[in-house]
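So the sequence lines, in the order shown, correspond to chains A and B.
Residues in the first sequence are numbered consecutively from 1, following the working numbering.
Residues in the second sequence are numbered consecutively from 288, following the working numbering.
For the record, the hints were derived by calculation from the structure and aren't laboratory data.
Please read all numbers here as calculations on a predicted model, not as lab measurements.
Glycine included, every Cβ here is placed at the ideal spot set by N, Cα and C.
Where hints are given, some of them may not hold.
[Said to hold, decoys possible] Ranges between beta-carbon positions, derived for each pair:
no.	chain 1	residue 1	chain 2	residue 2	range
1	A	Y269	B	G803	21 to 29 Å
2	A	S122	B	N551	26 to 34 Å
3	A	Y269	B	I706	22 to 30 Å
4	A	Y269	B	F546	36 to 44 Å
5	A	I65	B	N698	57 to 65 Å
[To be verified] From the derived model, a few chain A residues whose C-beta atoms are all more than 10 Å from chain B:
no.	residue
6	Q54
7	L57
8	R100
9	G117
10	L119
11	F179
12	N250
13	R251
14	P264
[To be verified] One side of the interface only, derived from the structure: several residues of chain A facing chain B at Cβ under 8 Å:
no.	residue
15	K2
16	K102
17	F123
18	F124
19	L129
20	M209
21	R213
22	L217
The chain contents come next:
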Amino acid sequence: MKRMYPFDYFLYALMVLMTAAWLYPLILTLSISLSDGTDPLLRVTFFPVDFNIQSYLFIFQDGRIFRYYFNTIGYALGSVVVHLLFTSMMAFPFVVKDFRGKTFLNVYLVITMFFGGGLLPSFFINRALGMIDNPLVMILPGAVSGFAVILFRTFFGNIPTELRESAYMDGAGHYRTLFQIILPVSKAVLATFALMNIVGTWNAWFPPMLYFRNPNLMPIQIYLRRMLILFDFSDAQNVDLRAMHTLVTNRTLRSAAVIVTIFPVLCIYPFMQKHFTKGMMLGSVKG
Amino acid sequence: MKKALIFVLLLTAMLVIAACGRNNEEATPDPTPAATPDPTAAPDTNANEESDPEPTGSILPWTGDPITFTFFAFDVGVNEPEDAYGAQLLREKLGNITINWDVPTQADYNTRVNLYWAGGGIPDVMWVNRSNSWDQLAQYSGMLLDFYPLLEYMPNFMAAAADAPWALRYINTNGQLTNIPNLENDAIPEAWFANMDVLNRYGIEMPTTLAEMEEAMEALREANPDIIPFQTYGWGLGYYVDTMSLILGSPFPAARRFFCHENNVWDHHLLNNTGSSRYREVIELLADWRERGFLHPEFMTLSGDEVQVIMASGNWAFTYAWAEQLTAWFNLGHRDEWPFDIQWMPNPQPEAGVAPFANARVMGDNVWWGFVARHDVQHPEVLAAVIDLVYSYEIATAFQWGQEGVSFRYNADGIKEWIPEFLEAGQDARNDLGIWNLMLPRYATLRDDTALMRGFHDEAQRAIRGVTQAVLRGDIRVDYVPFDPILTEREREDAAFIRSSSNTVQDEWVAQMVAGIRPISDFDAMIEAVLAVANLQEYMDIWNSGEPLPTRPTSAERNFIYP
């Protein structure tokens with residue numbers, strides 16, 4: 001058994017505290033969602049009070065939640081496929097010895113990492129491309145990022161060149177080399193970015209807020225946003241406070257909406273954990 | 288060498304772009320109107336050199352090819368049941384017209400509106416308010432539909448405007464009417480309340496003056512430190528400053544600038560001696576209450592949920608809020624009994640014989656929200672008729688009262704009243720009938736708030752009635768300031784910049800003085816600190832140089848409604 005030093009005990013204690021600090025809000029939210037929401041004095045500290053699942057029944061009785069799930073899963077999967085495909089296709093040429101224009105493309109990529117057009121130019125361009133009420137707005141605009149290309153490039157660069165050269169000698173072209181030789185040995189980077197993409201797309205609320213008018217296209221984050229912030233009473237200039245007060249969503253319903261929204265992602269994480277951990281070190285060591 | 292060359296090229300490009308932008312700004316026409324029509328006068332129907340618009344009757348229900356309009360607003364929680372009486376009525380009247388609603392959350396609403404103003408491509412109809420800059424920016428931009436030539440298709444709106452001339456206030460100097468507003472009533476829905484369970488428990492009588500109220504709060508603190516003597520919304524320090532201002536009989540709320548009726552000019556309460564001394568009194572009172580424990584220790588940062596827990600617990604003595612807020616705090620229906628004996632408390636006088644102020648936040652002439660439309664909307668006359676629907680007596684009644692014989696009836700005097708059994712059925716019954724639960728009239732309508740008020744808890748009704756009658760008697764004052772003057776876009780931006788700087792510094796100092804971090808004696812130093820970062824005199828000069836709009840009618844000239 002490994003010997004434990006005093007500092008190890010301190011580290012373990014620190015990790016336990018940090019884990020508790022991160023887990024407690026999640027547990028509290030879950031407990032509130034499983035409590036009775038009719039009591040305005042509801043005080044939940046850890047365990048649910050007057051356990052009931054009315055909030056979840058209320059949410060799932062609204063059939064639209066399944067539409068939102070369907071939309072979000074579609075956007076996430078589509079985004080992953082497009083992102084991984086185009087990023088790998090963009091990164092691979094950088095490791096091909098004879099590819100001219102590497103330097104220029106490298107500078108071009110780095111510039112995009114530092115400068116952006118901002119909200120208005122992006123909105124105008126996307127609108128001109130017909131992205132209003134178009135599901136592709138959740139997939140295409142963020143399909144290739146400079147950061148991802150650089151990491152993919154670094155990872156591909158670490159793959160032994162002999163692998164590629166032997167493929168070329170056997171008559172394989174670049175596409176075949178990429179899809180049949182390089183990508184199969186790049187599961188770590190693919191899994192890492194797939195997970196990051198899924199989480200990012202799952203959490204995205206701003207693009208659908210900007211570009212979607214049709215409620216049938218809305219992802220689940222828009223639903224959550226409506227549940228959490230239907231009305232901001234701090235703005236007294238807002239209309240008809242007189243009629244709005246009874247419409248405030250109670251805390252149990254809001255908590256249930258949060259749990260319903262994050263639950264699928266929480267389920268995926270354990271299966272992707274090892275890839276995610278390995279992927280965190282991607283690009284940090286060249287060897 | 289190459290890097291230096293790239294740097295110089297980039298710098299040159301940026302300078303050229305900046306120069307082009309500056310030239311473009313100077314070339315932008317100044318949208319300042321040359322003259323402003325009197326908003327309280329009857330509309331000049333010859334303003335567009337056309338014949339007087341004669342009501343031709345509605346062109347609805349539409350029987351032509353199907354038309355779809357897109358309306359944009361923010362989500363106010365309406366779920367318009369398809370079989371609701373009001374929804375069916377609306378469909379019958381619309382005919383072959385469909386309205387698609389684009390309703391983001393309130394938090395995202397301003398982002399979307401600003402994008403529309405910046406980029407164009409606005410929906411067919413937008414629901415906007417004056418703070419969205421439509422009145423001094425968008426209406427001169429050419430983006431918006433001029434409703435003036437379409438008034439012949441809006442007989443209901445014109446009939447309503449006959450009694451409410453401010454409905455046509457936003458006829459601009461080009462003779463265009465670009466906003467069809469929500470027509471509010473004059474109402475004073477905020478009031479003081481006392482928790483008599485708590486007061487009776489400790490033998491305290493309901494106070495009538497500020498001194499009596501402070502004695503009561505002091506006694507409560509000594510008797511039971513767990514009781515919060517005064518608690519109101521979790522809306523931050525500004526609302527408490529407003530409330531203290533009303534108690535002290537000072538009409539200078541957290542808005543900071545005020546209209547000096549004696550000199551007929553706008554002034555800032557940090558520049559004006561009277562203003563600053565009154566403002567200091569307000570801050571002193573608030574700091575004193577905080578120090579003496581009359582307020583929750585974290586009153587400046589309490590959230591809405593936290594306030595609800597406090598109010599629902601009953602461990603408080605006095606509150607100032609919208610009259611039906613208590614019902615919401617207790618998670619009850621409007622007609623449910625409150626769990627505690629809470630009674631309306633007349634506004635405490637700063638001293639015996641001195642009238643306090645009330646906030647008349649709801650004023651018919653304070654046109655705030657309304658519909659605007661895109662200038663190139665298809666079938667503008669049909670759209671005008673659709674919007675006109677909400678001002679029809681039939682739709683307005685269905686929206687606010689429901690269905691005759693089901694939810695309301697006419698009493699012997701011909702006045703509408705709720706059917707008691709319907710009222711006792713609760714909020715769900717109202718929602719199902721479409722009462723305050725229809726999309727189109729929810730955003731702009733011909734208001735009859737007696738419907739809403741007569742459905743409130745009896746004590747809430749008594750509070751609104753009491754405060755309003757006190758205002759009409761003159762026992763409580765309301766400060767009616769002129770409408771904000773019309774400024775150019777540049778003037779508004781300059782004023783906003785100064786205001787933002789000054790408010791930031793002022794808020795920080797005030798919060799520190801109220802919290803006891805700074806002494807009140809630092810008040811003069813605060814003024815110096817604010818003036819060091821913001822030229823308030825320039826701000827007031829800008830405000831006073833704007834095209835003025837008339838002072839609002841006085842309380843005696845208004846038609847206040849109360850239950």
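Structure-based check of all given hints:
{"no.": "1", "hint": "A:Y269 to B:G803: 21 to 29 Å", "in the structure": "violated (47 Å)"}
{"no.": "2", "hint": "A:S122 to B:N551: 26 to 34 Å", "in the structure": "violated (48 Å)"}
{"no.": "3", "hint": "A:Y269 to B:I706: 22 to 30 Å", "in the structure": "violated (56 Å)"}
{"no.": "4", "hint": "A:Y269 to B:F546: 36 to 44 Å", "in the structure": "violated (59 Å)"}
{"no.": "5", "hint": "A:I65 to B:N698: 57 to 65 Å", "in the structure": "violated (45 Å)"}
{"no.": "6", "hint": "Q54", "in the structure": "holds (14 Å)"}
{"no.": "7", "hint": "L57", "in the structure": "holds (17 Å)"}
{"no.": "8", "hint": "R100", "in the structure": "holds (18 Å)"}
{"no.": "9", "hint": "G117", "in the structure": "holds (13 Å)"}
{"no.": "10", "hint": "L119", "in the structure": "violated (8 Å)"}
{"no.": "11", "hint": "F179", "in the structure": "holds (37 Å)"}
{"no.": "12", "hint": "N250", "in the structure": "violated (7 Å)"}
{"no.": "13", "hint": "R251", "in the structure": "violated (6 Å)"}
{"no.": "14", "hint": "P264", "in the structure": "holds (22 Å)"}
{"no.": "15", "hint": "K2", "in the structure": "violated (47 Å)"}
{"no.": "16", "hint": "K102", "in the structure": "violated (17 Å)"}
{"no.": "17", "hint": "F123", "in the structure": "holds (6 Å)"}
{"no.": "18", "hint": "F124", "in the structure": "holds (6 Å)"}
{"no.": "19", "hint": "L129", "in the structure": "violated (13 Å)"}
{"no.": "20", "hint": "M209", "in the structure": "holds (5 Å)"}
{"no.": "21", "hint": "R213", "in the structure": "holds (4 Å)"}
{"no.": "22", "hint": "L217", "in the structure": "violated (12 Å)"}
Violated hints for the displayed structure, listed by number in ascending order: 1, 2, 3, 4, 5, 10, 12, 13, 15, 16, 19 and 22.
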